Amino acid sequence: EDQVTQSPEALRLQEGESSSLNCSYTVSGLRGLFWYRQDPGKGPEFLFTLYSAGEEKEKERLKATLTKKESFLHITAPKPEDSATYLCAVQAGPEAGNMLTFGGGTRLMVKP
Amino acid sequence: DTAVSQTPKYLVTQMGNDKSIKCEQNLGHDTMYWYKQDSKKFLKIMFSYNNKELIINETVPNRFSPKSPDKAHLNLHINSLELGDSAVYFCASSLWGIANEQFFGPGTRLTVL
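Protein sequences, first through last, are from chains A and B.
Under the numbering used here, the residues of the first sequence are numbered 1 to 112, in order.
Under the numbering used here, the residues of the second sequence are numbered 113 to 225, in order.
Pulled out of the complex, with its shape left as it was, chain B reads as follows (with noise of 0.2 Å):
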């Protein structure tokens, strides 16, 4: 009865190809979130969905992209990979509202070479 899910767990790819992270939550949650989490360990805010509709995207390159086909899932879609994408990725949902908090996934660990 995981939460919030994402797959895959660990993704190693070359630079240049094009990659996708799916994300589940049966929380009954309305918004979701992609985070990168870089090698210092800071976590960062990428995109929010509420509704299957686009909140925030923080400047964001658009070789991402995100995909919401209903309010349990968020896919992200990461095109022309590039060094620098090496991150964990992380999901996120919550309730939409003041001071909700958020629950995260496991973390997908992208590796580009």
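Looking at chain A on its own, in the form it has when it is part of the complex (with noise of 0.2 Å):
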């Protein structure tokens, strides 16, 4: 069965002050592994699209890298506007659709 694991479960900030969020997880024939940012009220907002170990993506503050095991979103000099919950998901093979699996996200909280 396909799992994913997110670490911290929250996580607190000053502004400036640089982190990363973990995301761990095993699947049979991963496709791709996303990102996405969940702000209270409303629907996740797709970030990244993952698809091979080593490879990395940027958008401002934000990177998100990949190994065969975890992927890790990498924040920089933070700001308060960046207070979310972001949610990691995996697809896996072909049996699986388009399904996604998601984990249990981050609560960040960035602090001026």
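If you're looking for bench data, these hints aren't it; they were derived computationally from the structure.
Keep in mind that a hint or two might mislead.
[Unchecked claim] No more than 20 Å apart at the CA atoms, straight line, and that leaves these computed lysine to any residue pairs for SDA-like:
| no. | chain 1 | residue 1 | chain 2 | residue 2 |
| --- | --- | --- | --- | --- |
| 1 | A | K42 | A | R107 |
| 2 | B | K148 | A | K57 |
| 3 | A | K57 | B | A211 |
| 4 | B | K121 | B | L195 |
| 5 | B | K148 | B | T223 |
| 6 | B | K153 | A | Q3 |
These figures come from a predicted structure and were not determined experimentally.
Please assemble the complex out of the two chains, which come individually in their own frames, going by the hints.
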């Protein structure tokens, strides 16, 4: 069974204090690993897709990396507007259709 | 120009009632999904439809019946609502294919009293 575990569950940072969120996964035949951002009362907003180990993608203060067992979301010099829950999800092999398996999320709070 | 929309945003109802949630996407996608997010914030797939055909049904009670009248719409009908059905339900859509990103609607918060 595909599993996704995110850590920490919650993270408090001061504005400008860089850190990383972790997403560990076990999946049969990874097709893609996704990062989403979710604000309170809203649907998840797509950030990145990573396809293979060694791949990296960047968007503003966010950088996502992928290994064979985990992914990291690095946040450089965060601002209060980066406060949100960050969700990691995996898409497995063809038998799973397009199904995404999500982790429990990391709730990030950035204080000014 | 909302990409994935859901109605209603909030739904409060009594146990035993039947209710529906509607979803529409204007992205030209051919695959739509329903997810359930429980109180612990875990998002779990319920159904996946590709070109109006059911692809995935993840051990969801048969009180839940999705209906896809066309590729742009996927509605969720729930019979005999139970307390445990209280959650936020998200609709999503994507193009069918390897690792295509899914776009989510704003969610419907269902409260069963």
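Now for the hints, and whether the structure bears them out:
Between K42(A) and R107(A) the CA atoms are separated by roughly 14 Å; this keeps the pair inside 20 Å, and the hint holds. Of the supplied pair hints, the one linking K148(B) and K57(A) is violated, its CA atoms being roughly 28 Å apart against a limit of 20 Å. This hinted pair checks out: K57(A) and A211(B) have alpha carbons roughly 15 Å apart, not beyond 20 Å. This hinted pair checks out: K121(B) and L195(B) have alpha carbons roughly 19 Å apart, not beyond 20 Å.
Restraint check for K148(B) and T223(B): satisfied, since their Cα atoms lie roughly 13 Å apart, inside the 20 Å limit. Straight-line distance between C-alpha atoms of K153(B) and Q3(A) comes to about 16 Å, which keeps the hinted pair within the 20 Å bound.
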